Amino acid sequence: MNATLERFGGVNLLPLAVAAVAFVLIGAPSSWVTLTVAGLAMGMMVFLMASGLSLVFGLMDVLNFGHSAFVSLGAFIAASVLAALGGWLGSPSVLMNVAALAAALGAAMLFGLLAGLFFEKVIIKPVYADHLRQILITMGALIVVEEAILAIWGGTPITVPRPAFLEGAWIIGDVSIEIYRAFAFALGLIVFGGLYWVLNRTRLGLLIRAGVENREMVEALGFRIDRLFVGVFMLGSALAALGGAMWAGYQTLITPALGAEMMIVVFIVVIIGGLGSIEGTLLGALMVGLVANYVGFLAPKLSLASNMILMMIILMWRPSGLRPAVK
Amino acid sequence: MSLLSLNAMKTDIEQYHVLHDVTFDVPEGGVFVLLGRNGAGKSTTLRSIMGLWSPSPGSVTFRGKDITGMHTADIARLGIAYVPENMGIFGGLTVEENMILATQNGSFSKSRLEFVYGIFPALERFWDKPAGSLSGGQKQMLSVARAIIEKRELILIDEPTKGLAPSIVDAMAGAFAEISAETTILLVEQNFHFARRLGREMAVIDDGRVVHRGSMEAFVADTELQDRLLSLSA
Numbered sequence: 658m659n660a661t662l663e664r665f666g667g668v669n670l671l672p673l674a675v676a677a678v679a680f681v682l683i684g685a686p687s688s689w690v691t692l693t694v695a696g697l698a699m700g701m702m703v704f705l706m707a708s709g710l711s712l713v714f715g716l717m718d719v720l721n722f723g724h725s726a727f728v729s730l731g732a733f734i735a736a737s738v739l740a741a742l743g744g745w746l747g748s749p750s751v752l753m754n755v756a757a758l759a760a761a762l763g764a765a766m767l768f769g770l771l772a773g774l775f776f777e778k779v780i781i782k783p784v785y786a787d788h789l790r791q792i793l794i795t796m797g798a799l800i801v802v803e804e805a806i807l808a809i810w811g812g813t814p815i816t817v818p819r820p821a822f823l824e825g826a827w828i829i830g831d832v833s834i835e836i837y838r839a840f841a842f843a844l845g846l847i848v849f850g851g852l853y854w855v856l857n858r859t860r861l862g863l864l865i866r867a868g869v870e871n872r873e874m875v876e877a878l879g880f881r882i883d884r885l886f887v888g889v890f891m892l893g894s895a896l897a898a899l900g901g902a903m904w905a906g907y908q909t910l911i912t913p914a915l916g917a918e919m920m921i922v923v924f925i926v927v928i929i930g931g932l933g934s935i936e937g938t939l940l941g942a943l944m945v946g947l948v949a950n951y952v953g954f955l956a957p958k959l960s961l962a963s964n965m966i967l968m969m970i971i972l973m974w975r976p977s978g979l980r981p982a983v984k
Numbered sequence: 004m005s006l007l008s009l010n011a012m013k014t015d016i017e018q019y020h021v022l023h024d025v026t027f028d029v030p031e032g033g034v035f036v037l038l039g040r041n042g043a044g045k046s047t048t049l050r051s052i053m054g055l056w057s058p059s060p061g062s063v064t065f066r067g068k069d070i071t072g073m074h075t076a077d078i079a080r081l082g083i084a085y086v087p088e089n090m091g092i093f094g095g096l097t098v099e100e101n102m103i104l105a106t107q108n109g110s111f112s113k114s115r116l117e118f119v120y121g122i123f124p125a126l127e128r129f130w131d132k133p134a135g136s137l138s139g140g141q142k143q144m145l146s147v148a149r150a151i152i153e154k155r156e157l158i159l160i161d162e163p164t165k166g167l168a169p170s171i172v173d174a175m176a177g178a179f180a181e182i183s184a185e186t187t188i189l190l191v192e193q194n195f196h197f198a199r200r201l202g203r204e205m206a207v208i209d210d211g212r213v214v215h216r217g218s219m220e221a222f223v224a225d226t227e228l229q230d231r232l233l234s235l236s237a
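The listed protein sequences derive, respectively, from chains A and B.
Using our numbering, read the first sequence as starting at 658 and increasing by one per residue.
Using our numbering, read the second sequence as starting at 4 and increasing by one per residue.
If you are wondering where the hints come from, they were derived from the structure by calculation, not from laboratory data.
Computed from a predicted model, the values in this text were never measured in an experiment.
Any given hint could be a false lead.
[Claimed, not checked] Derived BS3-like pairs: lysine-lysine, alpha-carbon spacing no greater than 30 Å straight-line: (1) B:Lys13 <-> B:Lys165; (2) A:Lys782 <-> B:Lys68; (3) B:Lys13 <-> A:Lys782; (4) B:Lys68 <-> B:Lys154; (5) B:Lys13 <-> B:Lys68; (6) B:Lys113 <-> B:Lys154.
[Claimed, not checked] Label-pair distances were calculated between CB atoms; the ranges are: (7) B:Ser138 <-> A:Trp974: 22 to 32 Å; (8) B:Asp69 <-> A:Gly811: 51 to 61 Å; (9) A:Ala760 <-> B:Ser57: 25 to 35 Å; (10) B:Asp24 <-> A:Ile921: 44 to 54 Å; (11) A:Leu789 <-> B:Arg80: 52 to 62 Å; (12) B:Gln18 <-> A:Gly862: 33 to 43 Å; (13) A:Gly862 <-> B:Glu185: 26 to 36 Å.
[What the hints assert, rightly or not] Selected chain B positions facing chain A (in silico; Cβ < 7 Å): (14) Pro60; (15) Gly61; (16) Leu104.
A virtual CB, placed ideally from N, CA and C, is assigned to each residue, including glycine.
Isolated chain A, as found in the complex (with noise of 0.2 Å):
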């Protein structure tokens, strides 16, 4: 069956399907269109908070449960530039606009590539090959940094301002396509792009590959792995801080337990992709984005369980996950 499966296209394939069935299931084409393109816009977003840390699982065998202290700081320092560049986000240029954006999702990412080396140095270095103690310090790392962010900013949730040029809707026939989620989604492409041609084309790329499927023996090579870490760690800090902001714009009202909650999805995106696979995360950042938004509109009581169903399916199906590099 695998076989066969593989012929036509293998698990690339199962957004489609899913949106196939969907389209059944829903009945009304623009409503389908609606939740498709939502879906997709949260998938990418997702996939820009998940893409690191799947390297990071994959690369180190590190769990990092602290990763979605990135998603919130990228989304509280992206919110904090926006609302200081006001004037610049309501101004009829999209120029300006874009020059807010470019300024707040820029911010976020430098302050996550920042942590991202603080917390590889002062919180994983210590605990490398220690698992229990990853996930405790990782978790109080998380607390901290949602503590911190309650001193910071308050308890009171933020509203995100948008710049004026991603407000609104496209609309063609019934169907309304926002402007924000097609932005969010040819954002997470061309990550996703940019990520795919370092990993397959590229000897850093070659060599983050190498090092998911056998650490040791890079290093046997001649290269340092642990170097290459700090490296990967504070890419996927910045891209996780990325997908915060996003996110942050997506919501447009966030609060400091945003990190928290988003670290479920993450993990079960992580998970269903399987470990250390950008291609993986991509496709299991689509199957929870999808899912979530048909069975949201479908089985609404059933819409806070969708992913974590989901994620057993598939792990009764494929125990490693849809695309993993570590087998």
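Fit chain B to the known structure of chain A by using the hints.
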């Protein structure tokens, strides 16, 4: 001066004392064979040399330089290649990508590649195939080919004949003889009949201690010693 010297090397793995006293010198050139029964500490010795386990106390010197406690990658960059027992192939990468990873700057010369193809012709056919799809013998060839795609000072090879068909073992013996003309090989083996064809100098390790050192020629001639140390007649 010896190329590699192990001096009273001890290695603990968690609470287990695996190597108690490993002392021997590997001279430059040819094949030095480390023999021993299963579980005697042969693989741990190679891993300790590569820094994958940390020997303490004791020392490992390479060309007179103390490499004890150095990072594995830094040891490899001194010109020491390692072919582990499980071959260490990156199954998700192609044969070419496996070979590229074994180079320090990401490229290899045509003449060097021809040299590798000369020893392992089959690799050329599988150049763009995923290494995970190769047979056991082909994987072993790739593993050794990676170690010679650039000229090294010393190659540590751990039980290369394990699980291979006799015809491939013969081919491997020929390959090692050719490689040892330019590079010193420290070969760990349980297969005495394979090892005796290649080794000039040898040592026997038992229960984490070196219990015999000498020439292969003398060891081959002493069947009583072979039986006692390797239980060959059992």
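Consistency of the hints with the structure:
1. With a C-alpha separation of about 26 Å, the suggested pairing of Lys13 of chain B with Lys165 of chain B holds against the 30 Å cut-off.
2. For the hint pairing Lys782 of chain A with Lys68 of chain B, the CA-to-CA distance comes to about 29 Å; that is within 30 Å, so the pair holds.
3. Restraint check: the Cα-Cα separation between Lys13 of chain B and Lys782 of chain A comes to about 27 Å, which is no more than 30 Å; the hinted pair holds.
4. Taking the CA atoms of Lys68 of chain B and Lys154 of chain B, the gap is near 20 Å; set against the 30 Å cutoff, the hint holds.
5. In summary, the hint linking Lys13 of chain B to Lys68 of chain B is supported, as the alpha carbons are separated by about 19 Å, within the 30 Å threshold.
6. At most 30 Å may separate the alpha-carbon atoms for a hinted pair to count; Lys113 of chain B and Lys154 of chain B meet this at roughly 14 Å.
7. The hinted window of 22 to 32 Å between Ser138 of chain B and Trp974 of chain A holds, with their beta carbons roughly 29 Å apart.
8. Judged by the Cβ atoms, the range 51 to 61 Å given for Asp69 of chain B and Gly811 of chain A holds: they are separated by roughly 58 Å.
9. A hinted range of 25 to 35 Å is violated for the C-beta pair Ala760 of chain A and Ser57 of chain B, which are about 48 Å apart.
10. Restraint check, Asp24 of chain B to Ile921 of chain A: a C-beta distance of roughly 53 Å satisfies the suggested window 44 to 54 Å.
11. Between Leu789 of chain A and Arg80 of chain B the beta carbon distance is about 34 Å. The supplied range of 52 to 62 Å is therefore violated.
12. Taking 33 to 43 Å as the suggested C-beta distance range, the pair Gln18 of chain B and Gly862 of chain A conforms, at roughly 39 Å.
13. For the hinted restraint 26 to 36 Å between Gly862 of chain A and Glu185 of chain B, the CB-CB distance of approximately 32 Å keeps it satisfied.
14. At its closest, the beta carbon of Pro60 of chain B sits 23 Å from a beta carbon of chain A; the interface hint therefore is violated under the 7 Å criterion.
15. Hint on Gly61 of chain B is violated. Least Cβ distance to chain A is approximately 21 Å, over the 7 Å limit.
16. Look at Leu104 of chain B: its Cβ gets to within about 6 Å of chain A, closer than 7 Å, so that hint holds up.
Comparing the model with each numbered hint stated earlier shows that hints 9, 11, 14 and 15 do not hold.
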